[in-house]
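2 protein chains.
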Amino acid sequence: MDIAALLTSAGINIALCVLLFTLYSVLRKQPSNRIVYFGRRLASVQLRSNDPFSLERFVPSTSWLIKAWETTEDEILTVGGLDAVVFQRILIFSIRIFSIAAVICMFLVLPVNYYGKEMAHKRLGAESLDVFTIGNVQEGSVWLWAHCLALYTISCTTCALLYFLTIGPFIQEYKSITKMRLTHLRGSPTNSSHFTVLVRSIPFVPGESYSHTLKKFFTTYYPSNYLAHQMVHHSGVVQKLMDEAEKMCKMLSAVSSDGRSLKPFCFCTSSTLSFHILSDQPESGDESIRYSDFEIAPPDNVRILTLHAPVLECPVAFVFFKTRFAAVVATQMLQTTNPMLWVTEQAPEPHDVLWSSLSIPYKQLWLRKIATLLAAIVFMFLFLVPVTFVQGLTQLDKLSKTFPFLRGLLKKDYINHVVTGYLPSVILTLSLYTVPPTMMLFSAIEAPISRSGRKKSACLNVFFVNVLSGSVISQLSVFSSVRDIPLELAKAIPTQASFFMTYVFTSGWTGLACELMQLFTFVCNLVKKFILRNYEDAHDWLMAFPYHTEVPRVLLFVLIGFSCSIMAPLILPFLLFYFFMAYLIYKNQILNVYLKKYDSGGLFWPIVHNTTVFSLVLTQIIALGVFGIKDSPVASGFTIPLIVCTLLFSEYCRQRFQPVFKKPAAQVLIDMDREDENGDRFEDIYNRLRTAYCQIQLTSHELRPGLAVTRVNDVAETIPCSGGPKPGSFL
Amino acid sequence: MDIAALLTSAGINIALCVLLFTLYSVLRKQPSNRIVYFGRRLASVQLRSNDPFSLERFVPSTSWLIKAWETTEDEILTVGGLDAVVFQRILIFSIRIFSIAAVICMFLVLPVNYYGKEMAHKRLGAESLDVFTIGNVQEGSVWLWAHCLALYTISCTTCALLYFLTIGPFIQEYKSITKMRLTHLRGSPTNSSHFTVLVRSIPFVPGESYSHTLKKFFTTYYPSNYLAHQMVHHSGVVQKLMDEAEKMCKMLSAVSSDGRSLKPFCFCTSSTLSFHILSDQPESGDESIRYSDFEIAPPDNVRILTLHAPVLECPVAFVFFKTRFAAVVATQMLQTTNPMLWVTEQAPEPHDVLWSSLSIPYKQLWLRKIATLLAAIVFMFLFLVPVTFVQGLTQLDKLSKTFPFLRGLLKKDYINHVVTGYLPSVILTLSLYTVPPTMMLFSAIEAPISRSGRKKSACLNVFFVNVLSGSVISQLSVFSSVRDIPLELAKAIPTQASFFMTYVFTSGWTGLACELMQLFTFVCNLVKKFILRNYEDAHDWLMAFPYHTEVPRVLLFVLIGFSCSIMAPLILPFLLFYFFMAYLIYKNQILNVYLKKYDSGGLFWPIVHNTTVFSLVLTQIIALGVFGIKDSPVASGFTIPLIVCTLLFSEYCRQRFQPVFKKPAAQVLIDMDREDENGDRFEDIYNRLRTAYCQIQLTSHELRPGLAVTRVNDVAETIPCSGGPKPGSFL
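The listed protein sequences derive, respectively, from chains A and B.
In this text, residue positions in the first sequence follow UniProt numbering: the first is 1, and each later residue adds one.
In this text, residue positions in the second sequence follow UniProt numbering: the first is 1, and each later residue adds one.
What the hints contain is simulated information worked out from the structure, not anything from laboratory work.
Treat the hints loosely; a few may be bogus.
No distinction is drawn between identical chains; accordingly, a pair holds when it is met within one copy or between any pair of copies.
In silico SDA-like pairs for lysine to any residue, Cα to Cα no more than 25 Å straight-line [what the hints assert, rightly or not]: (1) Lys411 - Ser359; (2) Lys597 - Lys662; (3) Lys369 - Cys159; (4) Lys663 - Leu341; (5) Lys369 - Leu647; (6) Lys663 - Leu487; (7) Lys322 - Asn225; (8) Lys411 - Ser32; (9) Lys663 - Ala120; (10) Lys528 - Ser141; (11) Lys322 - Thr219; (12) Lys369 - Leu642; (13) Lys322 - Gln695; (14) Lys322 - Ala10; (15) Lys369 - Pro659.
Put together the whole structure using the sequences plus the hints.
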């Protein structure tokens with residue numbers, strides 16, 4: 001590929017980006033698109049319903065970019081939670097590291113590459129991109145020390161930045177991620193999940209319900225700390241009961257002339273019988289209506305839905321403890337001598353719970369994990385088909401040999417540029433879009449207990465499938481000798497550099513513009529409003545931030561950046577521009593579009609840390625191979641200690657930081673417990689705890705805090721669901 | 001190698017064994033050798049000092065074998081602890097599995113091998129051993145199903161036996177190792193280590209001693225469960241103070257005409273001033289003698305040794321808790337947000353503590369672990385030198401080509417038999433004897449906190465160095481392709497079968513006889529008694545059972561047995577005989593020779609379990625390779641699901657059993673705590689706890705329970721050492 005083809009690709013993508021950005025800046029001002037571009041804001045505050053028509057609405061502007069630039073990290077923390085801040089940190093980290101890499105590589109490595117061989121350079125436009133890569137350097141050249149120096153600088157800066165970002169003892173103490181995570185733990189004292197333990201695999205005792213067995217166990221072994229528990233029910237059964245209840249409601253409201261006194265006790269998911277007619281006034285008398293398995297008894301301003309049949313229970317429950325410390329103790333201990341029974345783990349946040357996974361028997365989980373792993377590997381190999389095709393396109397001479405009938409077409413300059421420069425990355429980008437949904441499906445097989453856990457698990461899989469199948473493995477015969485891997489990689493990367501560059505344009509730049517435009521939601525909205533003529537904003541469209549697709553994408557660009565930095569430094573300015581745009585655009589999206597439904601507390605930071613170190617080591621190994629090919633024993637010799645030091649650094653970080661992301665610290669928990677005890681806040685927390693976990697899947701606008709949530713409770717532990725919707729709240 | 005060479009080797013080894021066994025049966029009856037052959041018994045009971053001279057003493061007998069045979073597992077448990085029982089279980093397991101393997105392989109596989117090719121068989125003596133291996137089977141033979149069937153039988157039996165041995169739900173419920181481990185936990189209610197937590201990496205607070213910082217931390221965060229603590233001091237300093245104290249004692253006893261009132265307060269390790277003149281009567285008055293850093297104050301029947309200088313403290317301490325549950329909670333929790341500070345772990349048993357490791361900073365440990373791993377790998381490669389030499393010997397034609405001057409010598413039949421049949425295994429056995437001490441040295445670099453931990457860590461390293469360097473790796477080019485490993489192994493194993501057989505004779509049979517004879521101790525004793533004329537029995541010779549050498553040795557034989565079983569089944573009867581003899585001889589040694597100084601509670605069972613599964617999978621992979629060489633796609637096809645199932649079985653066991661060996665179960669601990677609370681035993685336990693951990697290295701006969709042990713205590717937590725030697729106790 002030559003410069004012209006690269007410029008063609010860049011041109012197409014820049015044109016697309018400008019078009020999409022302009023469209024966005026206009027469309028976002030149209031009231032009908034508010035649900036698409038301001039979903040999060042709509043959900044949290046009441047916006048003016050109708051703007052007056054003005055010409056200003058149709059003038060493209062950059063105000064949103066300025067707004068995003070001005071947003072501080074504290075605002076992001078409030079709006080998007082710690083996860084969003086950590087995601088922003090990854091981008092800031094990338095910008096920093098690649099600024100430094102760009103400076104050293106553009107001014108030191110690039111000239112060395114360009115003048116590496118004694119040759120007559122063509123005019124710049126017709127110059128092959130290969131002259132800018134390390135491939136152009138003479139074998140045994142003394143100038144390879146420049147590459148070695150650049151590698152050292154990049155490695156050291158990365159390690160230092162990673163370390164300070166995680167621990168931050170000197171430059172940004174209060175902003176380091178470990179500190180933020182702890183502040184996050186401290187800062188949300190009413191987080192119900194801190195007091196809650198998920199107990200799985202409750203043993204079956206003949207003649208006793210699971211609930212009874214559980215209560216007996218915890219009152220025996222944790223008598224002073226056990227507060228209450230809530231059984232999990234088979235979701236299918238719950239849904240069936242809900243439907244029956246809905247029927248009953250309809251029947252009752254049809255019978256009763258004045259439906260007001262009955263409707264408050266109906267628990268329905270249908271939109272026709274929603275909560276908007278709930279009233280706050282206490283009901284008089286002891287009305288108790290029995291129907292099928294239900295008992296609905298409203299004593300005073302409290303609605304209870306009681307389930308009598310113990311057959312509906314799963315051997316799974318949420319157990320509430322009196323202190324955070326006691327809850328963590330229960331999760332850390334092995335309960336009985338059979339590790340497959342009474343399995344305890346920290347409960348996820350209420351809205352983070354994946355209820356459907358909970359009914360899956362615990363004994364299956366290890367098998368499911370293995371199945372997921374195997375499925376991901378099989379998928380990776382299937383993925384080699386499009387990848388091989390794509391990488392064939394970049395080598396045009398091969399292509400015209402394989403398909404002779406294309407030879408005439410490919411001789412045209414413009415077609416040639418498009419086919420080599422633009423098409424491959426588009427095909428790869430499109431096929432990579434299938435990876436995240438597939439991995440989410442596989443993660444669902446694994447039956448994680450929380451949505452954030454599912455995303456976290458998918459995140460790593462997506463990254464590795466992308467890396468292994470998308471860019472690297474196709475160049476290698478998989479089972480070739482271990483010793484030759486550096487050499488194989490070293491041969492592959494410089495020749496693929498031009499492909500990576502176009503991939504940055506397509507998947508990076510245009511991908512960002514598509515993310516901003518929210519094409520799918522936008523089209524759906526269009527269809528709904530202008531074809532179906534339904535002008536109501538559907539809040540169930542609102543999504544949480546898709547960390548499982550965006551984090552691996554950014555990490556993939558970090559990997560590409562590292563591995564190309566000293567091989568083909570021309571990529572760095574484009575990549576840097578991508579990271580900068582990503583920083584602004586994701587900030588905008590977090591502020592306006594995505595809802596914060598739950599917060600894992602930055603739990604995917606270890607993944608980022610590890611994959612960054614992986615990328616760095618991979619780069620060093622590739623460099624080792626290249627130095628080997630280039631007959632530079634000195635440079636190779638200097639690279640080996642660098643690899644060792646990077647691995648030692650990684651191991652040190654694993655020792656130093658990993659435990660904080662796995663277990664909460666006793667000191668922090670005990671301090672928080674004491675603060676609450678001194679402030680007499682426990683009673684309040686306990687009350688909230690009893691209504692926190694709700695198995696019935698409500699639609700998204702019913703999930704907002706402050707709305708009453710009614711639950712399927714257990715007979716033994718009937719916990720009143722108190723509180724109704726606050727008058728005057730949104731909707 | 002032919003049958004005759006094999007018989008030569010067998011003959012030499014059998015002769016050696018018979019000689020050593022006869023010698024043993026005579027020597028053990030001589031009173032002068034009692035310390036060598038009855039060390040454990042001498043330490044526990046007072047034997048008659050002088051037997052009358054009788055002729056019976058010089059007649060070889062087999063009574064010891066019968067005695068060993070008749071000893072029950074319960075006796076072994078009492079005498080040698082759970083570790084000894086687990087070791088016996090490994091042998092019983094091996095006998096069972098190889099009995100079954102021997103039956104099926106000798107009657108099914110061996111005939112198939114022998115008649116595998118149409119050939120004229122020579123007379124049995126001159127027959128090459130190769131005709132008994134799978135190498136003799138025709139390519140594409142249908143008879144390979146016999147090997148496949150044998151492989152299936154062996155694999156299934158092994159998995160079933162392993163499972164039942166570990167869990168034992170049906171056939172031997174109360175005898176399974178998991179159960180035994182729990183019974184062991186329950187059965188020793190006064191085990192001080194259950195109440196004790198080792199705290200490392202106590203942070204340094206300027207102006208405060210570590211002891212003070214620690215007390216503050218634990219009284220703040222574990223106020224209701226913290227009992228007391230004991231600082232660890234730099235061992236060099238402690239030794240220096242001991243020496244000074246000894247000097248002081250000598251000085252004082254020289255001044256005082258009547259030494260009796262002073263000597264009780266002297267704490268010396270020298271044999272001249274030992275405890276035998278201690279008296280039990282209470283001392284009158286408040287005698288307090290100050291000397292250097294010491295304060296010796298005996299209020300009433302209590303001797304206190306107080307250390308004033310806080311500079312001597314390490315940032316390490318034993319913290320005692322009021323209940324077992326609280327102690328385990330403290331070990332399971334992450335204490336603070338910095339995982340490198342306040343590191344807690346379950347304390348080892350008092351006599352198991354490796355005090356010298358405790359003063360090593362915790363931050364170094366991860367580096368030390370990496371260093372150990374690297375050292376073991378380097379050692380393994382160094383070990384290839386003798387191994388290559390040895391394996392050259394078995395191929396005599398190669399040898400006579402390399403050293404032409406030997407050709408004349410090697411033509412002699414007898415020399416030929418000795419060189420090919422006997423010499424290689426002797427050289428290998430001797431060089432393998434260097435592995436355990438080296439690995440113990442490496443384990444010491446790793447700074448484990450307990451002796452049993454050091455042995456456990458060495459155990460696995462010894463096994464892998466033996467396997468990788470001793471028998472397998474030399475046949476492979478290390479970096480050869482992953483895909484070819486089964487093939488390479490398949491080629492190597494059958495040709496090396498004859499070598500493995502002689503190895504069983506030498507290292508197995510003769511090794512056992514040497515173990516029985518205790519050659520080293522015997523010679524030392526001889527020199528001492530008949531040259532140095534010192535007739536006193538030295539109790540410091542008594543050793544704990546060397547699990548780190550014996551467990552890997554047995555496991556290595558299990559691996560050899562598995563991998564040879566279907567390849568060269570002729571080895572099985574010899575191996576079976578080895579296991580049977582080992583069962584009797586180790587029983588005898590545990591009963592008579594080795595002292596039970598500490599008990600890890602069967603903690604090395606997971607190593608045994610994992611290495612057995614490793615051996616089994618390796619065997620299956622080799623079989624896969626062999627079936628591939630022999631052009632039998634059906635047999636290969638049947639082997640692959642077997643490998644998958646074995647790996648799944650291993651993973652299931654990891655899920656099901658591993659946690660029990662890592663963490664104690666809350667239920668068990670709480671039940672034990674409650675029992676003690678109801679029985680009012682806590683006060684007694686607390687008193688014992690205060691004197692349990694003693695940093696001063698006493699000689700072995702002072703370590704026996706019941707003897708007073710005086711300790712270097714901390715100012716903040718001066719714990720009286722109560723109790724003196726009971727009158728009339730041994731010595």
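Comparing the hints with the structure gives:
no.: 1; hint: Lys411 - Ser359; in the structure: neither (61 Å within a copy, 76 Å between copies)
no.: 2; hint: Lys597 - Lys662; in the structure: within (22 Å within a copy, 37 Å between copies)
no.: 3; hint: Lys369 - Cys159; in the structure: between (32 Å within a copy, 22 Å between copies)
no.: 4; hint: Lys663 - Leu341; in the structure: both (21 Å within a copy, 15 Å between copies)
no.: 5; hint: Lys369 - Leu647; in the structure: between (28 Å within a copy, 14 Å between copies)
no.: 6; hint: Lys663 - Leu487; in the structure: neither (41 Å within a copy, 45 Å between copies)
no.: 7; hint: Lys322 - Asn225; in the structure: both (5 Å within a copy, 18 Å between copies)
no.: 8; hint: Lys411 - Ser32; in the structure: neither (48 Å within a copy, 101 Å between copies)
no.: 9; hint: Lys663 - Ala120; in the structure: neither (62 Å within a copy, 71 Å between copies)
no.: 10; hint: Lys528 - Ser141; in the structure: neither (64 Å within a copy, 71 Å between copies)
no.: 11; hint: Lys322 - Thr219; in the structure: both (13 Å within a copy, 21 Å between copies)
no.: 12; hint: Lys369 - Leu642; in the structure: between (35 Å within a copy, 20 Å between copies)
no.: 13; hint: Lys322 - Gln695; in the structure: within (22 Å within a copy, 41 Å between copies)
no.: 14; hint: Lys322 - Ala10; in the structure: neither (60 Å within a copy, 71 Å between copies)
no.: 15; hint: Lys369 - Pro659; in the structure: both (23 Å within a copy, 18 Å between copies)
The structure fails to meet hints 1, 6, 8, 9, 10, 14 from the earlier list, while all remaining hints are met.
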